[in-house]
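*Asks:* Chain B: place on chain A using the hints.
Just so you know, the sequences run in chain order A and B. Just so you know, the working numbering puts the end of the first sequence at 441, numbered straight through with nothing missing. Just so you know, the working numbering puts the end of the second sequence at 1449, numbered straight through with nothing missing.
Misleading hints may appear alongside valid ones.
Said to hold, decoys possible - Examples of chain A residues toward chain B, derived with CB under 8 Å:
#, residue
1, Pro40
2, Ile42
3, Arg87
4, Ala169
5, Gly170
6, His171
7, Arg323
8, Thr363
9, Gly364
To be verified - Take a look, some chain B residues computed to stay more than 12 Å from chain A by CB distance:
#, residue
10, Thr1084
11, His1188
12, Gly1233
13, Leu1258
Hints listed in this document are in silico derivations from the structure and should not be mistaken for laboratory results. C-beta atoms are modelled at their ideal positions from N, C-alpha and C, and glycine is treated no differently.
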Amino acid sequence: MRHLIGAVVAALLAVPAWAEIKIQQVESPGGFSAWLVEEPSIPFVSIEIMFKGGASLDLPGKRGATYLMTGLLEEGAGDLDARGFAREIEALAAQFDYDVSDDYLSVSAKFLTENRDEAVELLRKSLVEPTFDDESVARVRAQVISGLRSDQTDPDEIVSRAFDELAMAGHPYGTAYEGTQESVMGLTRADLVTAHRNALVRDRVYVGAAGDISAGELAALMDDLLGGLPLAGVDLPEQIDPVFDGGVTVVPFDTPQSVAQFGHEGITRDDPDFFPAYVLNVILGGGGFEARLMTEVREKRGLTYGVYSYLVPKTSAALYLGRVASANDRIAEAIEVIRAEWTRMATEGVTADELERAKTYLTGAYPLRFDGNGPIANILVGMQTQGLTPEYIVTRNDNVNAVTLEDIKRVAARILQPENLSFVVVGQPVGLDAEVQPQDG
Amino acid sequence: MLHRAFTLVAAMVCAAPVWAEGSASDQVTTFTLDNGMEAVVIEDHRAPAVVHMVWYRAGSADEPAGVSGIAHFLEHLMFKGTDTLGPGEFSQIVAANGGTDNAFTSYDYTGYFQRVAADRLELMMQMEADRMVNLRLTEDEVLTEREVILEERNQRVENDPGSLFSEQRRAALYMNHRYGVPIIGWRHEMEKLDLQDALDFYAANYAPNNAILVVAGDVDPAEVEQLAQKHYGVIPADPAVLPRQRTQEPPQLSERRLVMRDPRVAQPYVIRTYLAPERDPGAQEKAAALTMLAEVLGGGQTSVLNRKLQFETNTVVYTSAFYTGTALDDTGFGLVAVPADGVTLQEAEDAMDKAVAEFIEEGVDAEQLERIKFQIRAQQIYARDEVDRLARRYGGALASGLTVEDVQAWPDILQSVTEEQIIAVAKEIFDRRKSVTGWLMGAEQEGTL
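Pulled out of the complex, with its shape left as it was, chain A reads as follows (with noise of 0.2 Å):
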């Protein structure tokens, strides 16, 4: 036996009337825990594994290289180029996806029980030995810069570049991950080890695994795939205040329909309102046909095919964000109604009624994101990289109808900040009293 099976603390966990979602916490030998939802009726496991960190670990004038980085891990590794990676992948028919986003770098791989030591040794390749040859380097290098190059014209990219561009501007978060041409231009073989070193370490990292695997083989496993990562990496960026003025401010496009990113300073996961401001964004612009901004601004007065706003609790900032598109002559329009349910639910919260139906959707939508390995998977490894324990699945729907009618209320005068409410507006806006943002090329 290669591995001892290290302490399998089993919170068997069944969350009344419905599923009954069997968490396992696993710990291995080697140091490694894992949330585990058992799952044997299907021959396959997903795994979602996060490291805390992501592209914001990027180094300074080294903008783009944990993205750059994480693009070439499965483009050879070991003593396998990209396309000897490639037939293997295919040959075990594993699915492995590799992603980065400013808090976090995932990665998301699901294979079958009949070939799962040779798909996790394979996997173990692309995470401790990528080659970074630079053949591949410079393949991918072109992909993303030829990536870079269309979102310059695609507005929707735009609006959110300008916007963080805006709030965060001397953070990471002000910037595109992606980097620029210039800068993933510059980037060295070199600096592409130091961005795999910083980010991919065992003291950040977060799994979860759902499918036909026991805890012991788990506990293995995990020791097998990251056993071989550095123990450390270096500091997460410094908490940031993100800025808000208020006001809108206009890129010039020449596009038919208008792109509005919207929002100001938000609330964070641990925050002890969370779950109000939580409930409140349902009824104000969560998504659904039934929230206000979704009524007022499409359903009453068809501006536009869809408006949204969420709460983004990120690891160095808290944000408060919403979306809207609208023809260049009706975007002022909508800016207006946004702007006024802002105002009215900072000042009046919501009504009884809203918040009942906001209570019974949330709750009786939350057992159904239980639907399968892979959703299963992510929901365990996004609990942990929140901070909760795994009785959060049984008490969560507590937790929501708890809210009344005062608490939201309170938070919605605490959170909303019509004043601060800013907009970037790219396209050709008509009637928007706002600052028109020089265009760089």
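*Replies:* Positioned in the frame of chain A, the structure of chain B alone reads:
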């Protein structure tokens, strides 16, 4: 490969693997109501949830000329109320029951679905059956919602030169078939759609004898049949709703070439689409060979186009082949190349053609084919974890003229495709007279045709 870098092209081409998921016949039960409504039940008892879908055999390709977009517009209006439900109340009730709902329109079908706790299935059936026959609309609702679909067109198409280009290419590919008209509609026709257009399309197409029920999740098939009988079975078949009769393509004798320039295009690319046969009931062999051809040629990192155009010659930064076999009428087989820096569209296109010609000479790599076949077998295992997708596969196939037996036979037919069949179908399909080649480029980019 950074998928995100090419989302624009990839979304246009094909998001999912080109083969349909497995049959999982042990999970599947079917029945047909007396009024002609077909039903498929897919069991998955791991979580107490259910997805309930009703598909109509009516898509944008079934619209009368002059009212393009009416199938999709009606899909929006189906949420506006019935004799007993007010505007928006359908979705409100679904949400109040902890569920989510939505709908989709394609060339061959329109579908409505809800995901809810399994014990709310009957309520969903009751409401869906209600709006199959009792839709009530007002002028005002129709006019406001028309603004919404125009904004949807702005968002999906007008703001995205790749989507505009795709519309132009389809319009050129189909000379006489309604597949050449965009699902969302041409703007000038959308602007004139009215209440009567919507009611006419509704009357002509929405009836149980033109509908397919798909229920997937933690359900008992016998119970589903009983509930379906109670709510859908009582609606009489409408003899006025007739099987589809569409205009078909004439012989295509002339290659078509398009150049579209738009200053918003930063990364030019070339796409060629050939007219190609679709999956037919009881005769899916050619479509299976085409599905495998797309996979061998452009399905992944080890594909022929990737090897020849990216790894061996650095001609492109992205390349792919795509084929969607699930359709009622002739579909398309496509090749795309996004040239590397310094490579012109003409050079990329020539390299693409050369690679295909060499492939036909060299034949299929047996090992690659075996890997693809193993992945298809694995997909049948993975698919059992995603019943919602399985539900969509069955619904989409049945609404496109296939049968449950066809869906279940499909994985085996794919497995039986030989190297010779793939090459034979390649020789047959790559006929430039039946193709459209499109170049998309920025205002100033170089390119001659």
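*Asks:* Run the structure past the numbered hints and jot down the numbers of the failing ones, going up.
*Replies:* Going through the list in order, the structure violates hints 1, 4, 5, 6 and 7 and respects the others.
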